[in-house]
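Q: Here the protein sequences line up with chains A and B, keeping their order. Following our numbering, the numbering of the first sequence begins with 1 at its first residue and continues without gaps. Following our numbering, the numbering of the second sequence begins with 322 at its first residue and continues without gaps.
Don't read these hints as lab results, they were simulated from the structure. This structure is a prediction, so every number in the text was calculated from the model and none was measured. Quick reminder that beta carbons are idealized off the backbone N, C-alpha and C, glycines included. You can take every hint at face value.
Below, a sample of chain A positions facing chain B; criterion: calculated Cβ distance under 7 Å:
{"no.": "1", "residue": "A109"}
{"no.": "2", "residue": "S285"}
{"no.": "3", "residue": "I293"}
Here are some, though not all, of the chain B residues that point toward chain A, as calculated from beta-carbon distances under 10 Å:
{"no.": "4", "residue": "G468"}
{"no.": "5", "residue": "L470"}
{"no.": "6", "residue": "E471"}
{"no.": "7", "residue": "I473"}
{"no.": "8", "residue": "L474"}
{"no.": "9", "residue": "G478"}
{"no.": "10", "residue": "A480"}
{"no.": "11", "residue": "V482"}
{"no.": "12", "residue": "R484"}
{"no.": "13", "residue": "Y485"}
{"no.": "14", "residue": "P493"}
{"no.": "15", "residue": "L601"}
{"no.": "16", "residue": "F646"}
{"no.": "17", "residue": "L649"}
{"no.": "18", "residue": "I650"}
Residues from chain B that keep clear of chain A, each with C-beta distances beyond 10 Å, as calculated:
{"no.": "19", "residue": "F370"}
{"no.": "20", "residue": "V434"}
{"no.": "21", "residue": "L541"}
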Amino acid sequence: MTTLATLASLVSLIGGTQFWINVGLLAAIFGIFTVGLQLNVGYTGLYNFAQAGFMAVGAYAMALLVLKAHLSFWLALPIAAGVSVCFALVVGIPSLRLRGDYFAIASIAFSETILYAIQNASFTGGEEGLLGYTTSWQTLSTRMMSALGLPSQDFLVPILIVSWAIFLLVVAFVWLLTKTPWGRVLRAIREDEDACRALGKRVVVYKLQSLSVAAILASIAGYLLALDLGYLSPEEFTPDNTFIAFTMLLVGGLGSFAGVVVGAVFIEVILETTRNVIDIPLSDSHLAALRFIVVGAVLVVIVLLRPQGLLGKRDEMRFRR
Amino acid sequence: MTPSSSPDRAANAAGSEPTAASAAGRVGLSLGQRISVAVGVLILLGVCFGFLKGAQPTLQTSINGLVTGSYLALAAVGLTFIYGILRLINFAQGDFLTFGAYMALLMNVFVHVDIVISLLFACLATAVLAMVLELGIWGPLRRRGAGSLELILSTIGLAYVIRYSIQFVAGPDLQQLRVNDISFYRLPDGVTIGRTIALTTIASYALLLLIGVLLRYTQLGKQMRAMADNLELAETSGLNTRRLIVLVWAFGGALAGLAGVFYVASTGGFDPTFGFTLLLPLFAAILVGGAGDPYGALAGGVVLGLAEEWSTLFISPAWQLVVGFVVLILVLLVRPQGIFAPAARI
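Pulled out of the complex, with its shape left as it was, chain B reads as follows (with noise of 0.2 Å):
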């Protein structure tokens, strides 16, 4: 019951390579096992959901889930890598995906360019806002030695003046961006897919495989690991811990943009709120997940997207959002270290 888990965390990271300590090495089972439990049990629920309930809504609500759960895993992976490496809980992340939302919106509706286009400005005008934030704010809080309540509240503010900043400016009325939102896909069945949901689903998923394979193989990758695995280490090691949290911030914040583009393509009308809606099934993702662990948040985003969608099948889907609660606080009551980490203390 001890409040850190830091000696734990420091025993195991000596015990290795710095730059190779890998979170899954810290956690006991290897990557591709984690992967393949995952998937096992996820089917497994998949075929008992459809006995109970019939192929078609379960086929269709799977689809929709991992629809969902796609963008939730983007926007999650930022998230838990700062919790990881800085103590710090982001709730500006779900304001982030409204910024990166609101960017592809300007350049695609009002200055008319090619969406894809406005999804890579998206992008990179969310990775600047999120290191501009870390220079400006975060980075010299830290430096001053601020406890975690100043850097939650540091949060929430700026949470609000970027929210309200985009409704100033562009109201709070529904908007909607360029795309084509006719068009669908129909899978044997009867179960349905939009054009524009299954491109952005099959886009997210390849990108997360390639972050998945570029957390683990490259060079940043490992740095970026190590940090978040003990960053007083990583820092003895001889690693720029300080160029790297403001890489950890562009790299987060860009894929934080690019879900909130992905999810307001495939959702339709959109307003400034959105992406605080979000953050409460996104903070499920990665205490799902292991609250630090990137490999984790992806694999949590998917498990939530499922959860949610899955729940339609027995409840009404206006009880979505209480799902993430639930998920929440049962994961809180009975695996808090994460469902694929063995027992330790949080």
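Chain A with its partners taken away, still in its complex shape (with noise of 0.2 Å):
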């Protein structure tokens, strides 16, 4: 008990409540967006780095049926879902039948297009970013500061706890997922491909499911960050997202999804406290370039010390060839 009562005076100590409600949202967030590339990465043996493209085109997508065409926002919700599940296709159909480095490429370059495309066009208002697609969730969002009793500050409140009721949600079901017949042929199909393929199972139609799963699962962060955020402007969705997430997925290790909360909550942690809290005498600029060294380093240190992650199983899930 004292020992939980330090820890929570230290946390009033740095930041303070807003900053840690802040984190928590972002963790869940990028925990959702982090399950789907589990999905791919632990579950399947494929190298999904357009996560950060469909989290982008869900996001948009949404904001874009709300804003242009005048569908409600519930509405908007699952086809923007679907439009990413298209993205997701239109990459996977030429690249997933290829060996497993040429949809690695084919991601990444899908996931730059995609930002190079919003910041370009003039419908997702450029540079400039969208506004105005919140206001069903405001309404939402008032009814339940209301029914819980917040005061106003604590807006941010509602939004969380439905971020991390869908987080845990996700995390079941993609867990459950893993365990019914489709998920051990998406394990078969990490294992051996050719094999997989004797046995009759047509590889990559389970592999396009896979990775429409992911891209679901990346809208759907996507919408929340959207919520989140207020505004959508192209730099929250950079392929840095991706590469974040995969540290992510690496610090918790490949095959657990319990691994995926924990790396999601620690990333977030260091990524927030650094830039915000901890008082280091650089300018932002310096930090933020420090921010991403440590980023890569993490990547590269994890490689080369605990591929398996740093709770991962090494005998289930090594990586693969």
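Put the two chains together into one complex, using the hints given.
A: Right, here's the structure in full:
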């Protein structure tokens, strides 16, 4: 009990409640994002580097459907996820029938291209971004706040609750998916694609399904990020998101869903405390550069020392050729 | 639809002398035939665009395309070679270009050395960087039996470390080399080309030709291509592959550094992210030429440069990067083995 009290005082000492609400929110959002990667990388052996692109497509499609097509927000959510799946098929159909490396190249290229297209197209608002798609959510959020009796400065608490609820549901759902016969086929593909094909499984179809689930999860993460920010701008959807998620995945360990939760929280705490709380005597641009040097170095060190990830099981989930 | 093409490759290589196992032999057409076909098709396309859109804009975009293509081709050689030999996709290749450019900047602007010496220094520094990373990280990883995901993630991690270390030291602002960016040559029909751009482009094509000749006729070039054709077979034939792989890294690194300096000397202002944005056209270039084939990468770079510039005849220049992606997806759909190779399983 005393340790808990010290922890609580320590938490309030560095950053304050608002700061930790934000960290928790980002951890849940990128956790959902990373669950998709876990399904692809850890369970299917797909090197998906397009996740940030699917996130961008989901978020922008939702916002555009609300703003330009005047659809209801709740109807826009599933349609935008569908749009994201269509893009997953565009990347996946040409490249997933080839060797795994080709998909890695095509997916990173897709992620870059989507970002570039959003920056340059006029209907996406370009660099200025999009605003004003949050009305329906605001209504619900206010209702939740009055039901919980929260003061008005805790306006992020409703989305925090919703994000973590979705995150845990998604973890449970995808974990259950991997226990189904469908999930066992995915693992078989990861282990030996040719053997799987010889058994009559349509490998490419299973891979596309796995990728589509990841794209849907990326869209959900995109919606939550869009609601958290209140605006959409291309700089929030760089491929950096995918690489940060890969560090979360590796810290947590391949093939472990509990690891995704741990990795997401751990990496977000590090990223956000170095951004806002700890007083490092460096300029903002130096700090930003330093954070990415650390992200890169963590990736390299984990790959060199513990490729199965910090919590991963070496025997079951090692990297495949 | 098998995921690996190694049986065919081995069969092909076993039929010929390993050191003479040429990439051209593997794909059925002779090198000369492939060059003539590629040049012929490109000229035909250029003539078509000339009739459609007028001679002047077509000539200008063709020249711009050949300029861009020369840098892409230089940078793509190392990328495709390493992929062919080690099945390693180097996501840090773009940041090798950035590294080269900033090394030249360091010498040229801060130490006040002549641009040519700065250029040579940049080549050397990037070659050393590539060798150090091979000896320190990729070599040990491979010997431990690392899979392709481990290798890809290590290159991504290193890409971040390189890019943001540069940004940490040099800052995120635009930089410029001390080169002549005012003078330009007037060609007939109102077509213009900057003096520095003309010089770097001519130097690039001379170098590309030299690389082609070296790869084809020298002992070292043949050994490198033999490794790209079949690493195990090259090793059993007595080649010191460990030493050769380090040399290939140095070779590819030097060319990437050179491409980086040429690129920023012609485009003017640059920041630490420029190399990463070139990664997409580079990937597209090596896939167009057939991943792992150095001659293909030379041709693929030029094709990509022309495709990006010719696209501006029809659509806004803001969409050039998207053209690279479209080319990449089309190649994967139609001819994933590269546009010059006969049907093969990839």
